[in-house]
Amino acid sequence: MSSSEQGNTDDRAELLQRLELMETMIAEGRSMTVGNGWIFVLWGVIYLLPTAWLYLLPSRFANHWAWPICLCMGYLVMFIGLRRQGRCVSRGSVAARAIQAVWSMMGLSCGLAAFGVMLSGSFVWKPVYSVTIFMMIAMAQATSAMILRWKAQWIMAALWWGGAVAVLVRPNDQTNTLVLLVEVLGMIVFGLYAMSLERSSRVQHG
Amino acid sequence: MAEGLPELDPVIHGKLRLALLSLLTAVEEAEFTWLREKTGSTDGNLGAQMLKLEEAGYVAMEKRFAGRKPQTLYRMTPAGRAALVKYVAALKKLLGGAL
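Chains as they are written, first to last, in the numbering used here: chain A, 1 to 206; chain B, 1 to 99.
Just so you know, not all the hints are guaranteed correct.
Covered stretches of chain B (in silico footprint by chain A; criterion: 3 or more residues with CB under 8 Å from a CB of chain A, positions within the stretch not fixed) [said to hold, decoys possible]: (1) 7 to 18; (2) 21 to 29.
With a Cα cut of at most 20 Å, we get these calculated DMTMM-like pairs of lysine to aspartate or glutamate [what the hints assert, rightly or not]: (3) K92(B) x E14(A); (4) K15(B) x E20(A); (5) K15(B) x E14(A); (6) K93(B) x E20(A); (7) K93(B) x D11(A); (8) K92(B) x E23(A); (9) K93(B) x E14(A); (10) K86(B) x E14(A); (11) K86(B) x E23(A); (12) K92(B) x E20(A); (13) K15(B) x E23(A); (14) K15(B) x D173(A); (15) K86(B) x D11(A); (16) K86(B) x E20(A); (17) K15(B) x E55(B); (18) K93(B) x E28(A); (19) K92(B) x D11(A); (20) K15(B) x E28(A).
The set of hints was computed from the structure by calculation and includes no laboratory data. Heads up, the beta-carbon is just placed ideally off N, CA and C, and yes, glycines get one too.
Work out the full structure: start from the sequences and follow the hints.
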């Protein structure tokens, strides 16, 4: 190969490298790898805390306060985590803002629903509360899945919808197990899966 | 470069500057720290390259406070977007049949 041919090949390789760099960076900018998997894990654990508290240390106090205390703790931890994360996050694309809007409004709706239940004077968990919250989560998952075109999120939406319907149709004595199963799969397992994707994406892009 | 072939904008052609502009095409605005994290560059190098892009009119910088924390935000200007489109067209022409 002559030196001019060698030079042309080098130039070409460098130009292709530039093109590849652009594609990678645009994809990186568009990616939703802001790191939200931990929020699912957090709420999965927050759900387990009052359940465990009521089961292991049942008392009149626990009956009334286990849920409000744990829910408030969840919102506080999430708020602190999001604030810390917000320091190095870009103002994303319209799609990122749409997803953020769906999830934050879903969180607000769940919070208001829990607050309403607290105001009613009795915070004893009823199946209908699970159905309401499951439907709200399913809607947020499905909306996110449509925007991101992410199959895993469609599966999660189906899980939450299925869970909500099952809570209504299954006998009462199976409700707790069913709710627990959906919560663990839909929150903790999905959260850990999202976190593993985020980690591998970070490793891939250095 | 052979005659008749388009020239590549030297401001955009630098690897880090090209990476920065590409990142900025995908977002409305981005913090300095986010750009640093995504490109893996140092504060000094990133600051210098962003200044070059700013001087060329390709990005606009804004300093804000988030609470008590100062934030440096960058966004791509219409001129930057046009220049990048022109750069990509030139790149494709140079690569010819490879694409």
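To see whether the hints hold, each was checked on the structure:
Here the stretch 7 to 18 of chain B counts 3 residues with a CB under 8 Å from a CB of chain A, which clears the bar of 3, and the coverage holds. For the stretch 21 to 29 of chain B, the stated coverage by chain A holds: 8 residues have a C-beta nearer than 8 Å to a C-beta of that chain, and at least 3 were required. A hinted pair counts as satisfied when its Cα atoms are at most 20 Å apart, and K92(B) with E14(A) qualifies at roughly 13 Å. About 11 Å separates the Cα atoms of K15(B) and E20(A), which keeps this hinted pair within 20 Å; it holds.
Distance restraint check for K15(B) and E14(A): the Cα-Cα separation of roughly 10 Å lies within the 20 Å cut-off, and the hinted pair is therefore satisfied. At roughly 16 Å between alpha-carbon atoms, K93(B) and E20(A) fall within 20 Å of each other, so this suggested pair holds. Distance restraint check for K93(B) and D11(A): the Cα-Cα separation of roughly 13 Å lies within the 20 Å cut-off, and the hinted pair is therefore satisfied. For a cut-off of 20 Å, the pair hint linking K92(B) to E23(A) stands: about 13 Å separates their Cα positions.
Restraint check for K93(B) and E14(A): satisfied, since their Cα atoms lie roughly 14 Å apart, inside the 20 Å limit. Restraint check for K86(B) and E14(A): satisfied, since their Cα atoms lie roughly 18 Å apart, inside the 20 Å limit. The suggested pairing of K86(B) with E23(A) holds, with an alpha-carbon distance near 16 Å, which does not exceed 20 Å. For a cut-off of 20 Å, the pair hint linking K92(B) to E20(A) stands: about 12 Å separates their Cα positions.
Using a Cα cut-off of 20 Å, the hinted pair K15(B) and E23(A) holds, with the two alpha carbons roughly 13 Å apart. Straight-line distance between C-alpha atoms of K15(B) and D173(A) comes to about 63 Å, which puts the hinted pair past the 20 Å bound. Straight-line distance between C-alpha atoms of K86(B) and D11(A) comes to about 19 Å, which keeps the hinted pair within the 20 Å bound. A hinted pair counts as satisfied when its Cα atoms are at most 20 Å apart, and K86(B) with E20(A) qualifies at roughly 17 Å.
At roughly 17 Å between alpha-carbon atoms, K15(B) and E55(B) fall within 20 Å of each other, so this suggested pair holds. This hinted pair does not check out: K93(B) and E28(A) have alpha carbons roughly 25 Å apart, beyond 20 Å. Note on K92(B) and D11(A): the hinted pairing holds, with a Cα-Cα distance of about 13 Å set against a maximum of 20 Å. For the proposed pair K15(B) and E28(A), the alpha carbon gap of about 16 Å is at most 20 Å, so the pair holds.
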